[in-house]
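Enquirer: Each chain, letter by letter, is given below.
Protein chains: 2
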Amino acid sequence: MGTTEIIANPGEQQITITREFAATPELLFRAYTEPDLLVQWLGPRQLTMTIDHFDLRDGGRWRYVHWDIDGNEYGFHGVFHGTPSLAGIVQTFEFEGLPGRVSMWTVTFEELGGKTLLTQNAVFQSVEDRDRELQAGMADGAVESMDRLDELLSTLLPVS
Amino acid sequence: MGTTEIIANPGEQQITITREFAATPELLFRAYTEPDLLVQWLGPRQLTMTIDHFDLRDGGRWRYVHWDIDGNEYGFHGVFHGTPSLAGIVQTFEFEGLPGRVSMWTVTFEELGGKTLLTQNAVFQSVEDRDRELQAGMADGAVESMDRLDELLSTLLPVS
Numbered sequence: 005m006g007t008t009e010i011i012a013n014p015g016e017q018q019i020t021i022t023r024e025f026a027a028t029p030e031l032l033f034r035a036y037t038e039p040d041l042l043v044q045w046l047g048p049r050q051l052t053m054t055i056d057h058f059d060l061r062d063g064g065r066w067r068y069v070h071w072d073i074d075g076n077e078y079g080f081h082g083v084f085h086g087t088p089s090l091a092g093i094v095q096t097f098e099f100e101g102l103p104g105r106v107s108m109w110t111v112t113f114e115e116l117g118g119k120t121l122l123t124q125n126a127v128f129q130s131v132e133d134r135d136r137e138l139q140a141g142m143a144d145g146a147v148e149s150m151d152r153l154d155e156l157l158s159t160l161l162p163v164s
Numbered sequence: 005m006g007t008t009e010i011i012a013n014p015g016e017q018q019i020t021i022t023r024e025f026a027a028t029p030e031l032l033f034r035a036y037t038e039p040d041l042l043v044q045w046l047g048p049r050q051l052t053m054t055i056d057h058f059d060l061r062d063g064g065r066w067r068y069v070h071w072d073i074d075g076n077e078y079g080f081h082g083v084f085h086g087t088p089s090l091a092g093i094v095q096t097f098e099f100e101g102l103p104g105r106v107s108m109w110t111v112t113f114e115e116l117g118g119k120t121l122l123t124q125n126a127v128f129q130s131v132e133d134r135d136r137e138l139q140a141g142m143a144d145g146a147v148e149s150m151d152r153l154d155e156l157l158s159t160l161l162p163v164s
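Quick mapping for you: the protein sequence lines, in order, are chains A and B. If you count by my numbering, then the first sequence holds residues 5 to 164, one letter each, in order. If you count by my numbering, then the second sequence holds residues 5 to 164, one letter each, in order.
Take the hints with a grain of salt, since some may be wrong.
As the list claims (entries may be wrong) - Computed footprint of chain A on chain B; a stretch qualifies when at least three of its residues, placed anywhere within it, have a C-beta under 8 Å from a C-beta of chain A: (1) 76-87; (2) 90-97; (3) 102-108; (4) 117-131.
Said to hold, decoys possible - Over 12 Å on every C-beta distance to chain A, these chain B residues come out as not near it, computed from the model: (5) Ile10; (6) Glu38; (7) Leu42; (8) Gln44; (9) Arg49; (10) Gln50; (11) Ile55; (12) Tyr68; (13) Val69; (14) Glu114; (15) Gly145.
No lab work stands behind these hints, which were simulated from the structure alone. All C-beta atoms in this analysis are idealised placements derived from N, C-alpha and C, irrespective of residue type, glycine included.
Start from the sequences, fold in the hints, and give me the full structure.
Expert: Below, the structure is given as structure tokens:
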């Protein structure tokens with residue numbers, strides 16, 4: 005299993021997450037863009053994820069909800085910028101508990117001799133917003149998601 | 005006439021523009037959100053601006069074009085994030101000549117005893133993107149736009 009690396013330098017307003025997966029870029033792209041797959045890995049294990057809408061095109065909007073066992077819901081939504089493709093996915097991201105705060109995510113899939121280097125970069129409106137995200141436990145959540153993604157990929161057949 | 009201040013610290017991925025105007029926040033908000041007013045100040049004087057669409061709501065898309073005297077066109081588009089209001093305007097911004105590169109703009113209007121401090125913050129996907137924007141002459145363009153905005157505001161009646 006690969007190792008998730010999280011880069012968040014002091015005073016910067018971004019967080020960069022990288023991980024190498026034993027899978028093709030095509031398979032990773034599917035895991036990011038097919039709702040049935042996305043709900044199986046995105047977020048902490050103890051939460052259930054449901055997707056309200058997921059309009060995978062330039063300008064398309066998405067919204068999903070994470071539910072805990074007490075029925076509390078945590079909503080998130082955003083907009084795809086540019087057509088999502090193997091060249092990358094750019095989208096905005098808003099947690100509905102913090103209206104007005106928007107981050108922008110760029111995901112790329114780089115083929116490395118049969119493996120794929122995933123890079124996920126999040127840019128925030130300010131250093132304070134970036135730091136709040138870290139304090140809220142974003143790093144632990146990202147590691148858990150990446151582990152779940154790795155487990156899911158191992159169950160999927162590669163694109164022929 | 006006020007002075008436009010542009011802050012772009014080395015190694016950061018943002019550009020912050022501030023300027024004080026002898027106008028109310030309401031008047032500045034109109035200049036940013038009414039297409040008939042926007043085309044009178046946004047961009048260099050020697051370009052003509054036309055607005056294709058401008059859907060001023062959470063998730064709404066806008067697109068405008070700047071034309072030079074030879075008929076060359078420069079298209080831009082983006083998406084409003086959150087409902088634009090006196091509390092601020094958050095939107096993404098894409099130059100159609102550089103597909104895949106997205107910046108995120110946050111504009112706020114702070115009342116200061118009869119005047120208004122405008123703050124316009126742009127965050128880029130990387131420091132390189134921010135630096136490219138500066139090299140393309142963004143600062144000069146911003147100063148010219150702010151001067152034109154000041155001139156326009158002086159011709160408008162304050163909201164009663």
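Enquirer: All hints are to be evaluated individually against the structure, with a verdict given for each.
Expert: Hints versus structure:
no.: 1; hint: 76-87; in the structure: holds (count 3)
no.: 2; hint: 90-97; in the structure: holds (count 4)
no.: 3; hint: 102-108; in the structure: holds (count 4)
no.: 4; hint: 117-131; in the structure: holds (count 5)
no.: 5; hint: Ile10; in the structure: 17 Å, holds
no.: 6; hint: Glu38; in the structure: 22 Å, holds
no.: 7; hint: Leu42; in the structure: 20 Å, holds
no.: 8; hint: Gln44; in the structure: 27 Å, holds
no.: 9; hint: Arg49; in the structure: 30 Å, holds
no.: 10; hint: Gln50; in the structure: 29 Å, holds
no.: 11; hint: Ile55; in the structure: 17 Å, holds
no.: 12; hint: Tyr68; in the structure: 16 Å, holds
no.: 13; hint: Val69; in the structure: 17 Å, holds
no.: 14; hint: Glu114; in the structure: 15 Å, holds
no.: 15; hint: Gly145; in the structure: 22 Å, holds
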